[in-house]
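**Student:** Residue-level listing of the chains:
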Amino acid sequence: MKIKASLIGSFFTGLTLLAMLIILAILFIIVGNILWHGHQIISWEFISQAPREGMTAGGIFPAIFGTVALVLLMIIAVLPAGVMTAIYLHEYAKTDSILTKTIRYAVNNLAGVPSIVFGLFGLGFFIQFIGVGMDKSLGLEAVWGQPCIMWAALTLALLNLPVVVVSSEEALRAVPKETREASLALGATKWQTIRRIVLPQALPGILTGAILSISRGAGEVAPIMFTGAAYFLPYLPHKPTDQFMELGYHVYVMATQSPDVEATKPILYGTVLILLILTLLLNFVAIFIRSKVRRQMRQSY
Amino acid sequence: MEITEKKSQLESISLKKRFRLSEYIIEKIIFLSSFLAILGVVLIFVFVFREALPVLTNPEVKKEASLKLFFSTTIWQPVSDLPRYGFIPIIVGTLKVVLVALFISIPVSVGAAIYTSEFAPLRIKEYIKPAAEILAGIPSVVLGFFALMVMASFFQGIFHYTMRLNALNAGVALSFAIIPVIYSIAEDSLNSVPRSLKEASLALGANRWQTASRVSLSVAMPGILAGIILGLGRAVGETMIVLMASGNASILSANIFDSVRTMSATIAAELGEVVNGSAHYSVLFFIGASLFVFTLLINSLAHLTVGRLQRKLAGKI
Numbered sequence: 001m002k003i004k005a006s007l008i009g010s011f012f013t014g015l016t017l018l019a020m021l022i023i024l025a026i027l028f029i030i031v032g033n034i035l036w037h038g039h040q041i042i043s044w045e046f047i048s049q050a051p052r053e054g055m056t057a058g059g060i061f062p063a064i065f066g067t068v069a070l071v072l073l074m075i076i077a078v079l080p081a082g083v084m085t086a087i088y089l090h091e092y093a094k095t096d097s098i099l100t101k102t103i104r105y106a107v108n109n110l111a112g113v114p115s116i117v118f119g120l121f122g123l124g125f126f127i128q129f130i131g132v133g134m135d136k137s138l139g140l141e142a143v144w145g146q147p148c149i150m151w152a153a154l155t156l157a158l159l160n161l162p163v164v165v166v167s168s169e170e171a172l173r174a175v176p177k178e179t180r181e182a183s184l185a186l187g188a189t190k191w192q193t194i195r196r197i198v199l200p201q202a203l204p205g206i207l208t209g210a211i212l213s214i215s216r217g218a219g220e221v222a223p224i225m226f227t228g229a230a231y232f233l234p235y236l237p238h239k240p241t242d243q244f245m246e247l248g249y250h251v252y253v254m255a256t257q258s259p260d261v262e263a264t265k266p267i268l269y270g271t272v273l274i275l276l277i278l279t280l281l282l283n284f285v286a287i288f289i290r291s292k293v294r295r296q297m298r299q300s301y
Numbered sequence: 001m002e003i004t005e006k007k008s009q010l011e012s013i014s015l016k017k018r019f020r021l022s023e024y025i026i027e028k029i030i031f032l033s034s035f036l037a038i039l040g041v042v043l044i045f046v047f048v049f050r051e052a053l054p055v056l057t058n059p060e061v062k063k064e065a066s067l068k069l070f071f072s073t074t075i076w077q078p079v080s081d082l083p084r085y086g087f088i089p090i091i092v093g094t095l096k097v098v099l100v101a102l103f104i105s106i107p108v109s110v111g112a113a114i115y116t117s118e119f120a121p122l123r124i125k126e127y128i129k130p131a132a133e134i135l136a137g138i139p140s141v142v143l144g145f146f147a148l149m150v151m152a153s154f155f156q157g158i159f160h161y162t163m164r165l166n167a168l169n170a171g172v173a174l175s176f177a178i179i180p181v182i183y184s185i186a187e188d189s190l191n192s193v194p195r196s197l198k199e200a201s202l203a204l205g206a207n208r209w210q211t212a213s214r215v216s217l218s219v220a221m222p223g224i225l226a227g228i229i230l231g232l233g234r235a236v237g238e239t240m241i242v243l244m245a246s247g248n249a250s251i252l253s254a255n256i257f258d259s260v261r262t263m264s265a266t267i268a269a270e271l272g273e274v275v276n277g278s279a280h281y282s283v284l285f286f287i288g289a290s291l292f293v294f295t296l297l298i299n300s301l302a303h304l305t306v307g308r309l310q311r312k313l314a315g316k317i
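Respectively, the protein sequence lines represent chains A and B. Numbering-wise (our numbering), the first sequence opens with residue 1 and increments by one. Numbering-wise (our numbering), the second sequence opens with residue 1 and increments by one.
To be clear, the hints were calculated from the coordinates, so they are not data collected in a lab. There's no promise every hint is true.
[As the list claims (entries may be wrong)] Computed list of lysine to any residue pairs in SDA-like fashion (alpha-carbon distance at most 20 Å, straight line):
hint, chain 1, residue 1, chain 2, residue 2
1, B, Lys198, A, Ser6
2, B, Lys125, A, Ala25
3, A, Lys190, B, Glu23
4, A, Lys2, B, Lys198
5, A, Lys101, B, Phe31
6, B, Lys125, A, Arg295
7, B, Lys28, A, Tyr92
8, B, Lys125, A, Ser291
9, B, Lys129, A, Leu17
10, B, Lys28, A, Gln192
11, A, Lys94, B, Ile26
12, A, Lys2, B, Ala206
13, B, Lys62, B, Ser290
14, A, Lys190, B, Ser22
15, A, Lys292, B, Ile124
16, A, Lys101, B, Leu301
17, A, Lys101, B, Leu32
18, A, Lys2, B, Gln210
19, A, Lys190, B, Arg20
20, B, Lys28, A, Arg195
21, B, Lys28, A, Thr193
22, A, Lys4, B, Ser201
23, A, Lys101, B, Arg311
24, B, Lys129, A, Phe284
25, B, Lys129, A, Gln296
26, A, Lys94, B, Phe35
27, B, Lys129, A, Arg295
Take these sequences, add in the hints, and give me the full structure.
**Tutor:** Here you go:
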C-alpha cells in the first residue's frame with residue numbers, strides 16, 4: 001500500500017517537473033530561435049540607418065528612436081501619477097474606507113483591460129474628443145485631432161498606471177514602520193518624513209516599477225496602432241504632434257504586410273531581436289533590483 | 001535685544017506657516033492624483049461606449065447594424081455592398097482559440113507552480129521564478145511573430161492541414177502569454193498555505209505528493225482558480241498574438257485546424273480602414289465595449305475568489 005502510494009507520488013511529482021521543464025523549454029526555444037536567426041544581421045549600420053528599398057535593406061534607426069521617444073514621454077506622464085497614487089494608498093488612506101477600496105478596485109481593473117480597448121480609448125478620447133476639441137477651440141486644422149506620439153504615449157501611460165502603482169506600493173510597504181516613527185518623533189511633519197525618509201528608501205523599488213512599465217510600454221503594439229504609430233516615415237518625430245515609427249509595430253507590419261516575406265526576413269528577425277533585447281534587458285535589471293531590495297528587507301527584520 | 005528676539009520668533013512662526021501651506025498643497029495634489037485610476041476606468045467606459053452608442057440609438061446605423069442583426073446572421077462581412085456584421089463567427093472563433101490556450105496553459109502552469117512551491121530545492125527555485133517572469137516579459141508581438149514564422153510551419157509539418165494559420169496555432173501561441181499569468185498567481189497562493197498544515201499532514205504519515213495534492217492544493221484552490229480566471233480574461237483580450245497567428249478568416253466551424261477571426265483581432269485588423277462615424281466604426285467600438293465589460297466582470301470574479309482564499313486562510317490559522 002505504502003509502496004503503491006509512493007509510486008503514484010513520484011509519478012505525479014515527475015509530471016509537475018515536466019510542466020516546469022515545458023515552461024523553460026518554451027522560453028529557451030523562442031529566445032534561442034530569435035537569437036540564432038537575428039544575430040547575423042545586427043551591425044552598427046542596422047541600428048543607425050533608416051530602412052531602404054521597401055524595408056528589404058538598410059536599418060531600423062527610426063523605429064528605435066520612435067520607441068525610445070514614446071516610452072520616455074510615457075514614463076514622464078505615468079511615474080508621478082503612479083507614485084503619488086501609491087503614496088496616497090499606503091501613507092495617507094484609511095485601509096477600509098470606501099474611497100481606498102474604490103481606488104484599489106480601479107487599479108486592479110485597469111490592469112485587466114485588454115490592450116486593444118486602450119487603443120480604442122485613445123482614439124475615442126484623446127484624438128476624437130480632446131484633440132479635435134483643441135483644434136476647434138484653437139482654430140487649427142487637424143493638428144491635435146489626429147494620431148500622434150503624444151496621444152500614443154498618454155494611452156500607454158494609462159495602460160501602465162497599475163504597474164507603477166502596484167510596485168511603488170510594494171516599495172513603500174518595504175520601508176520599516178520604525179523609521180517613519182523615528183522621524184515623526186523628532187518633530188518632522190508627515191510630508192517631510194515621506195520625502196526625506198520614506199521615498200529615498202523606497203526608491204529602488206519604485207525604480208523597478210518604472211523599468212517594468214518602460215519594458216511593457218516598449219512591447220505593446222495594440223494601443224498605439226491607431227493612436228500614432230506609422231508604417232513608414234521619412235523623418236524622425238521632433239514635436240508632440242508628429243507620428244512615429246515603433247519597433248513592435250514595425251515587426252507587425254513587416255511580418256504581415258510585406259510583399260516579399262523572404263526578402264524582409266533577415267531584417268524582420270533583426271528587428272525582433274533588438275526589441276527582445278530591449279525588453280528583456282529592462283526586465284533583467286528590474287528583477288535584479290527587486291531581488292536585492294527584498295534581500296535587504298529580509299535582513300532588516 | 002527684545003525686538004530682535006521678537007522678530008526671530010515671528011519669522012519662525014511665519015516660516016512654519018509657509019511650510020504648512022506647501023505641505024497642504026502637496027497633500028492635496030497627492031490626494032487628487034489618487035483619483036486618476038478611477039477617472040481612467042470611468043473615461044474608458046464612457047468614451048468607448050460613446051463611439052459604440054449609434055449601434056443602439058442611431059436609426060441610420062441600426063438598419064445595417066443592430067443587436068438583432070448581430071445575432072441573426074452567421075456571416076461577418078463588413079466590407080461589401082451589403083455589409084453583414086454577424087457576431088457568431090467571431091465569438092465562436094474567440095472561444096476556439098481561448099479554449100486551446102486554456103487547455104494547454106492550465107495543466108502546465110498549475111503543474112509547474114506545484115513543482116516550484118512544493119518540491120523544488122531552494123536553489124532551483126531562485127532560477128525558475130525569474131524564468132517565468134522573463135517569459136511574461138516577452139512582448140506579445142514577438143510571440144505572434146514566432147507563431148507566424150516558426151510555429152505555423154512546424155505544426156503544419158506534423159498535422160498536414162491545409163490552412164497554415166489557424167485556431168490551434170494561435171491558441172498554442174496564446175498559451176505562452178497566459179502561462180506566466182496563471183503560474184505566478186497559483187505559485188503565490190500555494191506559497192501562502194501555512195507550513196503548519198503541511199507539517200501536520202506529513203506528521204500523520206502522508207507522503208509529499210499526498211500532502212501537496214490533498215492539503216496544499218485544496219487550500220490554495222480559490223487562489224489558483226482566480227489565476228485561471230485572470231488568465232481567461234487576458235486570453236480573450238490578447239490581440240497581437242491572435243492577429244498574427246490565427247489567419248483572420250471568419251469561418252464558422254468547430255474544427256481547430258480552420259482559420260479563425262477573434263473579437264480583438266477584428267478590431268485591430270479593421271479599425272485602420274473604417275470611416276469615422278460609419279456603422280462599421282461603431283460596430284468595432286461595440287466589440288471593444290463588450291470586451292471591456294467582459295474583462296471587468298472577469299476581474300471582479302477573480303477578486304471575489306481571492307477574497308475567499310484570504311478568508312479561508314484567516315479562518316484556518
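**Student:** Please go over all the hints and tell whether each is borne out by the structure.
**Tutor:** How the hints compare with the structure:
1. Lys198(B) <-> Ser6(A): 17 Å, holds
2. Lys125(B) <-> Ala25(A): 16 Å, holds
3. Lys190(A) <-> Glu23(B): 9 Å, holds
4. Lys2(A) <-> Lys198(B): Holds, at about 19 Å.
5. Lys101(A) <-> Phe31(B): 14 Å, holds
6. Lys125(B) <-> Arg295(A): 15 Å, holds
7. Lys28(B) <-> Tyr92(A): 11 Å, holds
8. Lys125(B) <-> Ser291(A): 13 Å, holds
9. Lys129(B) <-> Leu17(A): 14 Å, holds
10. Lys28(B) <-> Gln192(A): The given pair, whose Cα atoms are some 15 Å apart, holds under the 20 Å limit.
11. Lys94(A) <-> Ile26(B): The hint holds at about 18 Å.
12. Lys2(A) <-> Ala206(B): Holds: Lys2(A) and Ala206(B) sit about 10 Å apart, inside 20 Å.
13. Lys62(B) <-> Ser290(B): The hint holds at about 18 Å.
14. Lys190(A) <-> Ser22(B): 12 Å, holds
15. Lys292(A) <-> Ile124(B): 18 Å, holds
16. Lys101(A) <-> Leu301(B): Holds, at roughly 16 Å.
17. Lys101(A) <-> Leu32(B): Holds, because 16 Å separates the two Cα atoms, which is no more than 20 Å.
18. Lys2(A) <-> Gln210(B): 11 Å, holds
19. Lys190(A) <-> Arg20(B): Holds, at about 11 Å.
20. Lys28(B) <-> Arg195(A): 15 Å, holds
21. Lys28(B) <-> Thr193(A): 17 Å, holds
22. Lys4(A) <-> Ser201(B): 18 Å, holds
23. Lys101(A) <-> Arg311(B): Roughly 17 Å between the alpha carbons, so the hint for Lys101(A) and Arg311(B) holds.
24. Lys129(B) <-> Phe284(A): 12 Å, holds
25. Lys129(B) <-> Gln296(A): This hinted pair holds, its Cα atoms lying about 19 Å apart.
26. Lys94(A) <-> Phe35(B): 15 Å, holds
27. Lys129(B) <-> Arg295(A): The given pair, whose Cα atoms are some 15 Å apart, holds under the 20 Å limit.
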